[in-house]
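S.K.: Sequence:
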Amino acid sequence: MCSLRSFSVRISSTLVFVFIDWGGGVSHLTPEQQKLADSTFAVNQFNLVVSDGISVRRSLPEIRKPSCRNITFPDNLPSTSVIIVYHNEAYSTLLRTIWSVIDRSPKELLKEIILVDDFSDRDFLRYPKLDESLKPLPTDIKIIRSKQRVGLIRARMMGAQEAQGDVLTFLDSHCECTKGWLEPLLTRIKLNRKAVPCPVIDIINDNTFQYQKGIEMFRGGFNWNLQFRWYGMPTSMAKQHLLDPTGPIESPTMAGGLFSIDRNYFEELGEYDPGMDIWGGENLEMSFRIWQCGGRVEILPCSHVGHVFRKSSPHDFPGKSSGKVLNANLLRVAEVWMDEWKYYFYKIAPVAFRMRNSIDVSERVELRKKLNCKSFNWYLQNVFTDHFLPTPMDRFGKMTTSSNSSICMAWTLRSSGIKTPSTSDCLETFHKTQISSSNYCIAFRPGDEGPKNHRLLGAPCTMGFDLWQLWLFTSDNRIRTDEHLCLSVVQLLHTSSDWKIQLKECAGFDTEYWDFKPKIGRFKNRKTGLCLASPDIFDPTKDEFNPPILLNCRSSDDRQNWTITEMMWHPEHL
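When the letters of the sequence shown are read in order and numbered with mature numbering (1 follows the signal peptide of the UniProt record, and there is no 0), they come out as residues -27 to -1, 1 to 547.
One or more hints might be untrue.
Here are the simulated SDA-like pairs of lysine to any residue, each with C-alpha atoms no more than 25 angstroms apart in a straight line [unchecked claim]:
#1 Lys477 x Lys38
#2 Lys167 x Lys343
#3 Lys490 x His457
#4 Lys297 x Lys320
#5 Lys500 x Met540
#6 Lys293 x Gln200
#7 Lys320 x Leu215
#8 Lys347 x Glu241
#9 Lys284 x Lys212
#10 Lys120 x Lys297
#11 Lys115 x Asn165
#12 Lys293 x Lys497
#13 Lys500 x Thr536
#14 Lys80 x Gln134
#15 Lys84 x Lys284
#16 Lys38 x Leu215
#17 Lys490 x Asn330
#18 Lys320 x Gly248
#19 Lys167 x Glu223
#20 Lys167 x Ser52
#21 Lys343 x Gln134
#22 Lys343 x Cys266
#23 Lys500 x Met541
#24 Lys186 x His1
#25 Lys212 x Ser52
Hints were generated in silico from the structure; no laboratory data involved.
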């Protein structure tokens, strides 16, 4: 049986592609090639046949906007060590990452490339094969090999400890740097050593390897589960960005895979939390720490790096439960940095709450005191100002109608990718909310080609935990979910008076504001003057639930009378 590398070389030699350059991706495979691609996809969770068939030094289109191309950068920029951690990475994607760094980085700025092998077992990544294949490359490349699987976090720390550059630049092992990617990052750090800049992350399709420009006006945030999310800028920030389209964009959190940081500042700040395991949550921990302790996380619109976005990871957590590892990591984030807001996370994640007594965060708490860091409330008020955590002025809980107090408003994901509200049976407990009617729940099964093909269905209700019935009625009169989505109205036709309720990303439009008077119990939409109503009672034997509707406001219509059953999340309610 041949090694994966020799296998890859052999299969790629038979390929004939229509587009192999300028990031166009592969438009066609023969039936034989497609069969091979399908059978090997799970090895790395991307199309290995296509990756092996395109050049590891392919050209890429000019991604930057014209105003970025004319910038003159200062002299004497700091040098950088580029640190790339990998575990059983495909040879072609690893080499393409390395070559893109070499080809598109000024030689005087690239101090070295440090590869950290997190205990790979593929023959082509072992000594001396990889070492010999990289010797001819025109830059200093160091390979550090872990003697056991340590995970991304500790592997990055191994690389940082060996780095000699003024700046540490972390990249994933399946990236492609574009022209001019490095200079903006180093310039920001030269101007402010406590700035932690990130490039705009472009998308490399996991099947075709087409290079697609990322959205520059997104920034990082997080949902109620402390999962990283991309969100659009607040309106005021978007207007400011249009006035200065090349300037840095403040980001409440970073994605974590690609960023630069002053090496000495990284050490002063406490590096990564050594108590965190494998990966997960380290990007939020780093982001909170940077902001609360006097630094800045930024996204630079003039720096672009492509990343292969996979729908799932090909690697497991050796000998460990991924859920347990992630909960333990997020517990550390909450305990050290979130102050009283940690109890909100614990309400959402009771498994993490039950782990509190077994995890010691005292060293990181002392680090926070030593660095004289600000409160999490300061972070929410000054950095993540458009957050959707409940404040004392908000109402958080379930929304029920007077016509049937067992019917809750809930939301799920349609096959088109559009999130729509629906109605469902309420459950009494916060931890086991469900979209249900007569023991049927809305669910979806993943499609073969990703989220756009998720299939909705009605299914018997389970006892699992989800957030589909929980809403936040904010002090500024918006109804929000935990994914930065607002209950909004859309006009079916521009010439029509018919309006439909839909979940849209919160943007401050008048279509997403609802006036609510608790004594009356009516939600009146400011744009339309219509009231929120539950649908007529529907057949529970069917597999779809009817969404809420808009009606002319009538005090006699019980379907328009809503109650918000508030959920308590402070420590006395855990």
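S.K.: Take the hints in turn and mark each one as holding or not.
M.R.: Now the hints, each set against the structure:
no.: 1; hint: Lys477 x Lys38; in the structure: 28 angstroms, violated
no.: 2; hint: Lys167 x Lys343; in the structure: 17 angstroms, holds
no.: 3; hint: Lys490 x His457; in the structure: 24 angstroms, holds
no.: 4; hint: Lys297 x Lys320; in the structure: 17 angstroms, holds
no.: 5; hint: Lys500 x Met540; in the structure: 29 angstroms, violated
no.: 6; hint: Lys293 x Gln200; in the structure: 20 angstroms, holds
no.: 7; hint: Lys320 x Leu215; in the structure: 39 angstroms, violated
no.: 8; hint: Lys347 x Glu241; in the structure: 16 angstroms, holds
no.: 9; hint: Lys284 x Lys212; in the structure: 33 angstroms, violated
no.: 10; hint: Lys120 x Lys297; in the structure: 24 angstroms, holds
no.: 11; hint: Lys115 x Asn165; in the structure: 29 angstroms, violated
no.: 12; hint: Lys293 x Lys497; in the structure: 50 angstroms, violated
no.: 13; hint: Lys500 x Thr536; in the structure: 22 angstroms, holds
no.: 14; hint: Lys80 x Gln134; in the structure: 22 angstroms, holds
no.: 15; hint: Lys84 x Lys284; in the structure: 34 angstroms, violated
no.: 16; hint: Lys38 x Leu215; in the structure: 13 angstroms, holds
no.: 17; hint: Lys490 x Asn330; in the structure: 43 angstroms, violated
no.: 18; hint: Lys320 x Gly248; in the structure: 23 angstroms, holds
no.: 19; hint: Lys167 x Glu223; in the structure: 13 angstroms, holds
no.: 20; hint: Lys167 x Ser52; in the structure: 16 angstroms, holds
no.: 21; hint: Lys343 x Gln134; in the structure: 22 angstroms, holds
no.: 22; hint: Lys343 x Cys266; in the structure: 10 angstroms, holds
no.: 23; hint: Lys500 x Met541; in the structure: 31 angstroms, violated
no.: 24; hint: Lys186 x His1; in the structure: 22 angstroms, holds
no.: 25; hint: Lys212 x Ser52; in the structure: 34 angstroms, violated
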